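What follows is the residue order along each chain.
Protein chains: 2
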Amino acid sequence: MADHGAKAALYDALAESAKALANGRRAELVDVLAQGERSVEELADEIDQTVANTSQHLQRLLRSGLVESRREGTRIYYSLSSPVVGDLWRTMRRAAQEHVAGLEQLAADYLGDRSTLRTITRDDLRTRLRDGDVVVLDVRPEAEYAAGHIRGAISIPIAHLKSRLGDIPDGADVVAYCRGPYCIYADEAVRVLKKKGFPAARLEDGFPEWAEARLPVTRP
Amino acid sequence: MADHGAKAALYDALAESAKALANGRRAELVDVLAQGERSVEELADEIDQTVANTSQHLQRLLRSGLVESRREGTRIYYSLSSPVVGDLWRTMRRAAQEHVAGLEQLAADYLGDRSTLRTITRDDLRTRLRDGDVVVLDVRPEAEYAAGHIRGAISIPIAHLKSRLGDIPDGADVVAYCRGPYCIYADEAVRVLKKKGFPAARLEDGFPEWAEARLPVTRP
DNA sequence: GTTTCATTCAAGAGATCCATTGACTAGCGG
DNA sequence: CCGCTAGTCAATGGATCTCTTGAATGAAAC
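Protein chains in written order, with this note's numbering: chain Y, 1458 to 1677; chain S, 1458 to 1677.
Since the hints were derived computationally from the structure, they do not count as laboratory data.
Keep in mind that a hint or two might mislead.
The list cannot tell twin chains apart, which means a pair is met if one copy fits it or any two copies do.
To be verified - No farther apart than 35 Å at their CA atoms in a straight line, the calculated lysine-lysine pairs in the DSBU-like style are these: (1) K1619 with K1651; (2) K1619 with K1652; (3) K1464 with K1651; (4) K1464 with K1652; (5) K1476 with K1464; (6) K1653 with K1464.
All figures in this text were calculated on a predicted structure; none of them were measured in a lab.
Use the sequences and the hints to build the structure in full.
In structure tokens form, the structure reads like this:
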């Protein structure tokens, strides 16, 4: 990144967007921000880091231009600068999925055994939504549901699922979804629902992927 | 990347594909490899680095899984592991274009003034190709043309353009293309052709983007 | 076997990155 | 004004990255 020719400088700048994502904590941040804007403290909580450290990472993302911030009273809210950033994150994830060695094992270590959970694809869900024979359950935090969700989905954040099972029509066929393929909320929801006798399945990935595929959504 | 929880480890691994591209020199390497496989020495030459340094960067890309290598006699050829890697690079570039501050200036510094060059879009070129009223000129090195090119294009590497102007039908409407939006070859070609009286234009980007858009190509 | 060529390996200096800590600031409520 | 809360800044030490140099490998040519 020194005085080494115009071409080198140009490619250094192009690599900036990769540098911004070249850290696990920042990747987590972008993954959460893909669901909607968040304050620093909330983000720190999500990624299990101190507020100071989270703030530094956010500054870095800010400098790269991938995220924006706005102040509201005493709080500062961060959000992705544009949908392209979400695309970038998902493409990166796909590349890692296909090529990074050991990723499957790490995913299994974090997510546990998914083999006993029924998984359905976006296309499946779309046709079943059209036929109307399914209850779609958004188990993300309320704010994320509010910022946008699959059209027709109902919101029961995973934390309240057990106490709000009554909200789900008896014996309904439930499809749960959350933030994306590496989010555990939907898995947990399916486990809970199965135990309670619902024929539940999880959507293969989350809301951002549904939206990217231009499938029907509801936005504020 | 230590012993900090399964979730952190997973996201660290996801960030690996970004780390692989988080360097200007490696970005250049991937940009060239998107045109087809190359030996270490050729690559070193393209990115203006020592062979040793280039080799180290290639090892890093190899470890990340984004590229593969094969030995042929005394030479080792590197190539992208899959089309996803090309997608990743182009998405990254798009994100940088939209969000990295100062990129436009750096591009101008390297590419010079493009405002006097006529540029046409992929869609334009496709319709004009169908109508058959245009000569498409691939000015990349011969090997890259051989590895795949726009259907119907003729090959005159930029280095030989001046001495092979006779290969172009007199007064033909020429569209030149090369590796991508940050490649200077097509710009140079258009400047040369204009000086010689051809009504020349450059394609807005290069062969990989044409192929990604599933437009007609010829492959070996 | 020796030479030659393409590539990799090993070691080191300088820069950058990252988590931690503690101090600092900006807005708000009193 | 004081104190409180949400974030940021600055400094630190240890890890990682990047380029350089020179030596080591591996396959072919002589």
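Now for the hints, and whether the structure bears them out:
no., hint, result
1, K1619 with K1651, "within (12 Å within a copy, 72 Å between copies)"
2, K1619 with K1652, "within (11 Å within a copy, 75 Å between copies)"
3, K1464 with K1651, "between (57 Å within a copy, 25 Å between copies)"
4, K1464 with K1652, "between (60 Å within a copy, 25 Å between copies)"
5, K1476 with K1464, "both (18 Å within a copy, 21 Å between copies)"
6, K1653 with K1464, "between (61 Å within a copy, 28 Å between copies)"
In this structure, every one of the numbered hints holds.
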